[in-house]
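Chemist: Just so you know, the sequences run in chain order A and B. So in the UniProt record's numbering, spot 199 of the first sequence is number 199, and the numbers just go up one at a time. So in the UniProt record's numbering, spot 353 of the second sequence is number 353, and the numbers just go up one at a time.
Any given hint might turn out to be false.
As the list claims (entries may be wrong) - What the simulated footprint calls covered on chain B by chain A, stretch by stretch (three residues with Cβ under 8 Å from a Cβ of chain A suffice, anywhere in the stretch; the number is not a length):
hint, stretch
1, 173 to 180
2, 193 to 203
3, 215 to 222
Claimed, not checked - Residues on chain B that point at chain A, a partial pick, calculated with CB under 7 Å:
hint, residue
4, Y3
5, T6
6, R210
7, M308
Simulated from the structure, these hints should not be mistaken for lab results. Positions of the beta carbon are idealized from the N, C-alpha and C atoms, including for glycine.
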Amino acid sequence: MNSPAAHFSLHGRDDGLNPGDVLLDVRNVSLAFGGVKAITDISFDIRKGEIRAIIGPNGAGKTSMLNVINGFYHPQQGTISFRGEARRRMQPHAAAASGIARTFQNVALFKGMSTLDNIMSGRTLKMHRNFFWQLLHVGPARDEEIANRRKVEEIIDFLEIQHIRKTPVGKLPYGLQKRVELGRALAMEPDLLLLDEPMAGMNLEEKEDMSRFILDVNDQFGTTIALIEHDMGVVMDISDRVVVLDYGRKIGDGTPDEVKNNRDVIDAYLGVPH
Amino acid sequence: MFYRETGQFKTSYTADQQIFPIRQDRIGVAIILAVALLVVPFVANEFVLSAIVIPFLVLALATIGLNILTGYAGQLSLGTGGFMGVGAYACYKLVTIFPDVNVIIHILLSGFFAAAVGVVFGLPSLRIKGLYLAVTTLAAQFFLEWCFIRIPWLYNYNPSAAIEVPGKTLFGVLITGPAASGVARYFVVLAIVIGMTLLMKNLIRGRIGRQWMMIRDMDIAAELMGVRPLIAKLSAFAVSSYICGVAGAMFVFFYLGASEPAVFSITLSFQILFMAIIGGLGSLVGSFFGAAFIWILPILLRVWLPAMGFDIGAEAIFQMAQIIIGALIIFFLIVEPHGLARLWAIGKEKLRVWPFPYA
């Protein structure tokens, strides 16, 4: 473990990739539940260091796409390469171990635990002391706990949630719960951070706060971010590139400006029959 | 008032993460320990020690065992009695086969047999949850009870199908069997219960305990944080069953002295489950509250009611106590569904900000 004086760094592992290199490559992925096709032959990539938005009307397959990326769903066709390693099937904990973190559309915090413990839970994979050290909670086990607590406190400072450190998360207002969930994902020090509607149900002020945190995470830690979001203003403002899904197919891909002027995208959002 | 943390500044994470961060709590625990060590053994008579205090401590330990599984890891179990029985019979066989080894070592080892059985019956938890899991643990309960009756090897072919605890010593003092003094047994039980409680507290506040709670609260998110459900759930079954097994062995060796299969019936499972629920799921101190409520209160009522002038005969007093306990259970669960431990926590919270309603 790091020495107590380890300096603050939430950068992912050094994987030899430079900003702009392809971090995640989705190739011809198709996913169906029985006869229902959730995703049909979708390909896109996420480059290291960028903020990539995935947008589309309801039922377009956005969340399914995230579930494929972090291993909840196993696509029938296609491959996903993360840091150059191609795979078809992966278990969620293996995705977590390889550096993919995620927040959920409906807040999926551990309701019975405090803010601190929730964010500490993000450190699970960083803690290795075995059962017998844990039983005694002395020496290396305690040092490990304290070192990880230090990291977590840095995240708490970053997200400005010091005052709710010991509050059970079930008692927090929705906007703060979303922020704690972001903190929990950040605690994993991910290479790729998937955010599923981080601003759903928020008021304007909360959305601005969250946008600022997302930009800061990307900027300060260099974390690559893929987010699903319905607020087009936010998406166009903060994302580097946007991929647009509709009925499980990709209908647009490019910079916010390119996507904004894409005929198919406009039709999909305005409900033109297609 | 006197209970508040004003002025107690924490300057390190170690200080902030100790078990009792508030000084008044530490003083309170020290007083309780001092009473348990220095007052109880000299004030309490043989009856109080043997019939009230020792079984209370043992049942509290069993409740902690169940709380690990149900309260912390969220896996409902009705097999507690069976797992306790495995510990008791394992300990009995160990004492029979290795009579020269110290009985304390046997008791601690017997938990491992219960843990192994618990892991096997925990396997369904990987596929099913909640009440359905409870039904499969019920199968464990009935299967184990059947074993205790139908496998004569377990009770050394005793014609009465009972196990009788031989007299064993620790440091030359008799601690088991009919001739052992209450004080000697009390100290051994107290030491084991305090030690186990401390170890469990350590587990719960560390990585492993957090993994259990993650699985309990949101298993999908837990998987995404890198928790393997297989390992988290089965380790909860193993630790829980270990504690229950040790408690079962202690129940026979330090309290009953002799036991028959009916001791470890579904009734015991339910009793422990009620202790966990009324005390507060997911709370160690609640396990002690729950055990005290279900075990000590009825005995006290049976003593107090006649003393207060309700002279209505022993049988009626017994029924009366049952009725009062039942009513109190309903009352407390309506007041606070999360158990006595939550009431305790709310009370402490109110004291901390007194005289203001909130901080």
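Chemist: None of the hints should be skipped; say for each whether it holds.
Modeler: Hint check:
1. Judged by the Cβ-Cβ criterion of 8 Å, the stretch 173 to 180 of chain B is not covered by chain A as claimed, because only 0 of its residues qualify and three are needed.
2. Residues of the stretch 193 to 203 of chain B lying with their CB closer than 8 Å to a CB of chain A number 3, which satisfies the three-residue condition for coverage.
3. Residues of the stretch 215 to 222 of chain B lying with their CB closer than 8 Å to a CB of chain A number 6, which satisfies the three-residue condition for coverage.
4. For Y3/B, the interface hint is violated, the least distance from its beta-carbon to any beta-carbon of chain A being 17 Å, above 7 Å.
5. With its C-beta approaching chain A no nearer than about 16 Å, T6/B sits outside the 7 Å limit, and its interface hint is violated.
6. At about 5 Å, the closest approach between the beta carbon of R210/B and any beta carbon in chain A falls short of 7 Å, and the interface hint on this residue holds.
7. Hint on M308/B is violated. Least Cβ distance to chain A is approximately 41 Å, over the 7 Å limit.
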